[in-house]
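A.B. asks: These protein sequence lines map, in sequence, to chains P and B.
The first sequence begins at 1 in our numbering and counts up one residue at a time.
The second sequence begins at 162 in our numbering and counts up one residue at a time.
Hints in this document: simulated from the structure, not taken from any laboratory.
A portion of the hints provided could be inaccurate.
Here are some, though not all, of the chain P residues that point toward chain B, as calculated from beta-carbon distances under 7 Å [unchecked claim]:
no.	residue
1	Met1
2	Gln5
3	Pro21
4	Gly48
5	Ile58
6	Leu63
7	Trp130
8	Ala132
Note that beta-carbon positions come from the ideal geometry of N, C-alpha and C, so glycine has one too.
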Amino acid sequence: MKKTQVQTIVNGRPVEFLCEPRQSLLEVLRDNLSLTGTKEGCNDGNCGACTVEMDGRIVPSCLVLGVEAEGAQIVTIEGIALGSGLHEVQKAFLEGAALQCGVCTPGFIVATKALLEQNPNPTEHEIRFWLANNLCRCTGYDKIVRSVQAAACRLQEEAPA
Amino acid sequence: MHWVDYQRPESLDAALQAFAANAGNAKALAGGTDLLVQMRAGRCASGVLVDIKNIPELNEMSYSPEQGLTLGAAVPCYRIYGDKTVSAAYPALIDAVSIIGGTQIQGRASVGGNLCNAAPSADVVPVLIALGVVCKVTSAGGTREIAAEDFCVAPGKNALAAGELLVSLHFPPPALQSGARYIRFIPRNEMDIAVAGAGVSVTLADGRFSAARVALASVAPTPLFAREAGEALVGRPVHAASIAKAAAAAKAAAKPIDDMRGTAAYRRNLCAVLTRRALEDAVARAGGKL
Ligand SMILES: Cc1cc2nc3c(=O)[nH]c(=O)nc-3n(C[C@H](O)[C@H](O)[C@H](O)COP(=O)(O)OP(=O)(O)OC[C@H]3O[C@@H](n4cnc5c(N)ncnc54)[C@H](O)[C@@H]3O)c2cc1C
Ligand code: FES
Ligand code: FES
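Build the full structure now, drawing on both the sequences and the hints.
C.D. replies: What follows is the structure in C-alpha cells.
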C-alpha cells in the first residue's frame, strides 16, 4: 500500500504531490494542495460543483483519480482570475447576483468560461444544455443564465475585432 | 472507497499482462463515470485499476467512406462529437454521445465503457446495435469479434471472459440512402436515465425500405435488439403505414418492468412512439420522404 508520486500542472504552475490511488482529484486539490475553491456536492458526477478543466475540457474532479492527473494541465477556480482582477465571468456572476450560498458557483464559473471559449455567443438553449451538469439549489438558474449572457456580451465587446 | 492499486499501461500487450497477472482482481478504468461511482458504493471490489486511456489502439478514431469508423473503446464522448467527419457520417452516434450525462461527464465517458457497463438503459448501445457495429475483443489468448447485440448478456454483465479487453468498435460505412437516429424519453430535459429509448437505422431504395434495424433501451434486462421491428419494414414502401407496423413490432418485442421511472405498460407504449419518431427522423436523414 504505497502512495503514488504525481506530477502535474495546476493553474499554470508545476505541482508534485503524493496520493493514494483511490483518492479523487477533488480530494487531492482540496486536502493535499489546499485549493478549496473547488467544491464537493454529490461526489458522484451529478452536481458539477467539483468542475475543473483538465487538458482543455471540463470534467467532474470527483470522478477523476488524483493519479490520473499525471502529466495533465488542470485549471481550477483559483486559476480563473487574471492577475489581480476578476475574469468577466466572475464579474458577471457577482453583478448579476447569480449566487446565494455559493457552493455551486466555482463549478458554474469554470464551466461557463469553457463554454464561452468555444462558443462566444451561445443561445439560451445552448447555455442551459452546456450547464445541465451543474446543479444549483438556491438561485433557480435564471440569474445564472442571464449572467452567462452578460459575460458573453462583455467578452465579445472586449475581443479585438 | 477501499484501497486500490493503479496501473497505467502504455501498450495493449502491457495491459493484457496486467490483467493476466491480476486474474479476477483487475478492472479496466476508462472514463470512470460508472466504475468509480460503483466502487464508492461498494458494488465493485476489484483491487487493481488498469487505466486503459494511454493505449494507442483504444484511443484510435479513424474514418473513411470505404472502411467505415474504427472507434477505440476508450475514446470519450467529447472527442466523437468534436469530429466533424464522424459527426456527419454517424449522426445517430452523436444523438447518443451528446446526451450521456452533461458536458463534464462527456469529457470523460467513453462508448466502450457505456457498452461494457451493460446497463439496460445505456444510451449508446441501441445505436451500436442499430448500426450493426462489431466489437473487437482481445486477451492474452487471442482476438475475437462480438456483434453489438450479443455484447450485453444481463444487467451489468457483458460477454467478455476474464482477462478480455474491448479494444475497438467497428462501424460499417453508411450505405447510400441510409439514415439512423436515437431518441430517449426522460421526464427532464437533460441529465436523466432513459425511461425508454429507441435506436434505429434504415436504408432506402426505389421508395422502399431495403434494410432496417431497431434496438431499444430500458425495456429489457439488456439493451434489446428488436429484430422483428426492422424486418417488418424490409421490402415495404417508405410510408407511415410501414412505420406503424414496425412500431407495433417494437412494442411487442419489449419486455419492460415496473419501476420508479415508469410502469411496464407505459414503457411499452413509449417503445411504439419512440420507434415511430426515430424511424421518421431516420427516413428524413436518409433523404427519403414520408
Ligand atoms: C452523472 C452521470 C450521468 C450519466 N448519464 C448517463 C446517460 O445519460 N446515459 C448513459 O447511458 N449513461 C450515463 N451515465 C453512465 C456512464 O457515464 C456511461 O455509461 C459511460 O459511457 C461509461 O463510460 P466510462 O468510460 O466512464 O466507463 P468506466 O466507468 O471507466 O467503465 C465502465 C465499466 O466498463 C468496464 N470497461 C470500460 N472499458 C472497458 C474495456 N475497454 N474493456 C473491458 N472493460 C471495460 C469497466 O471496468 C467498468 O466495469 C451517467 C453517469 C453519471 C455519473
Ligand atoms: S461533487 Fe463532483 S459532480 Fe458533484
Ligand atoms: S448558490 Fe447555492 S447551490 Fe447555487
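A.B. asks: Decide, hint by hint, whether the structure agrees.
C.D. replies: Tested hints:
1. Checking P/Met1 against chain B by beta carbon gives a least distance of about 6 Å; that is within 7 Å, so the hint holds.
2. This hint is violated: P/Gln5 has a C-beta 12 Å from the nearest C-beta of chain B, more than the 7 Å allowed.
3. A least Cβ separation of about 4 Å between P/Pro21 and chain B falls short of the 7 Å threshold, and the interface hint therefore holds.
4. Taking 7 Å as the C-beta cut-off, the interface hint given for P/Gly48 holds, the closest approach to chain B being about 6 Å.
5. About 5 Å separates the beta-carbon of P/Ile58 from the nearest beta-carbon of chain B, less than 7 Å, and the hint is met.
6. Given hint, P/Leu63 at the interface with chain B, holds; its Cβ is 5 Å from that chain's nearest Cβ, closer than 7 Å.
7. Annotation: P/Trp130 was flagged as interfacial toward chain B, and the flag holds, the nearest CB pair being 5 Å apart, inside 7 Å.
8. For P/Ala132, the shortest C-beta to C-beta distance to chain B is roughly 4 Å, which falls under 7 Å, so the interface hint holds.
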